[in-house]
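Build out the structure end to end from the sequences listed, making use of the hints.
Listed here are the chains, written in short residue letters.
There are 2 protein chains.
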Amino acid sequence: MKDQQLMWNESSRETLLESPIFSVRSIHRHSSDGREGDFICLDAPDWVTVVPLLSGDQGCDQGPQFIMVEQFRHGSGKVTFEFPAGTIDPGEDPQRAAERELLEETGYTAGSLIPLGNVSPNPAFMNNRVHVFLANDLIWHKEQELDENEQIHTHLEPVDRVRQQMGTGAYDNGVMVIALQFFSRYKEKLGADRIRTGE
Amino acid sequence: MKDQQLMWNESSRETLLESPIFSVRSIHRHSSDGREGDFICLDAPDWVTVVPLLSGDQGCDQGPQFIMVEQFRHGSGKVTFEFPAGTIDPGEDPQRAAERELLEETGYTAGSLIPLGNVSPNPAFMNNRVHVFLANDLIWHKEQELDENEQIHTHLEPVDRVRQQMGTGAYDNGVMVIALQFFSRYKEKLGADRIRTGE
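In the order they appear, the protein sequences are chains U and W.
Sequential numbering of the first sequence, starting at 1, is according to this note's numbering.
Sequential numbering of the second sequence, starting at 200, is according to this note's numbering.
Keep in mind the hints are simulated off the structure, nothing from the lab.
Note that the structure is predicted; figures quoted are calculated from it, not measured.
Here a beta-carbon is modelled for each residue, glycine too, at the ideal position from N, C-alpha and C.
Be careful, since some hints might not be right.
Stated by the list, open to error - Okay, derived cross-link-like pairs now, DSSO-like style, lysine-lysine, Cα gap no bigger than 30 Å in a straight line:
no., chain 1, residue 1, chain 2, residue 2
1, W, Lys388, U, Lys189
2, W, Lys388, U, Lys78
3, U, Lys142, U, Lys78
4, W, Lys388, U, Lys187
5, W, Lys277, W, Lys341
6, W, Lys386, U, Lys187
As the list claims (entries may be wrong) - Beyond 10 Å from chain W on every Cβ pair, some chain U residues (computed):
no., residue
7, Gly63
8, Glu99
9, Arg161
10, Arg196
Below, the structure is given as structure tokens:
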């Protein structure tokens, strides 16, 4: 098998740093052609991102809209507009984490949560996955329940504007771009299936 | 201004770890409503990802295809299929880095390189940006020039298959999903402009 030639095997690992959001490891690996080296990796929990969609028939005269959260981000040092998202707790089901983050950050519950896909956010140096869910049939349930250092404003944003603006101004979160791509794929497939079945 | 309420201001920072691919900092910040805390951030160089597109009229009977690289990734511990990508050198122009990575990893040069967008890959804890370029009019130029620990196979992959498979099997790189979303947006805008101008 071709990809077996490309595999590197681990012989040892060392923890360089433990932090509340990840650990940094140095992993010593050997290639099948005799090379070896130490590689820096982040050992991080899985993440979840929720795409909360209000369809045009839920009283949005601007067409379909996303419920988005506005918050300060400590990596970029900027306030961003993005989808509700967070870390999956140890042993927690990704879908349960999606429900939880949606409710905590926006106060909404979803009549249906559809898994859109999951991917390694950065396989070059991270070992975790991000799971993306579409939240439909949204109902406002209660006030936000934020973590100690979370301050979040919620907004409705037209779907088209978010797609057009992504990567500019406050629309500046790559994990959200991942979620948008999974969302686009789902909508295209839904459209193709409707044409195919004559719905 | 609403987002001023959400800003946190830095009062001090400490370096916890220096590594070849990033540094880990602990940043002490204060919010406008009197909260404070230490936040872990990765200080990393900017990245570039190149979407190398062979159009249907460049001899691909399966329609448009991407040139993709197959390599072992030390974070996920897996072999992935992805776009050519890498780190932008200090002071290097992102477009120049795109040309360089494309040539080094695939041996191709592009007749045109179009900037598709850039975004913070993860503003929650990273301070860098990823720049995405579309590479058109590709010409095979020479053999790969790989870094010491790089082993890369190149493949042609149909555009539709990559979009459909993303997040499964070896199609498992979130930064590539970001690039796909920017690529999709560009192609849609191009299509809309052609309809608008009657081309």
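Those earlier numbered hints the structure runs against, lowest number first: none
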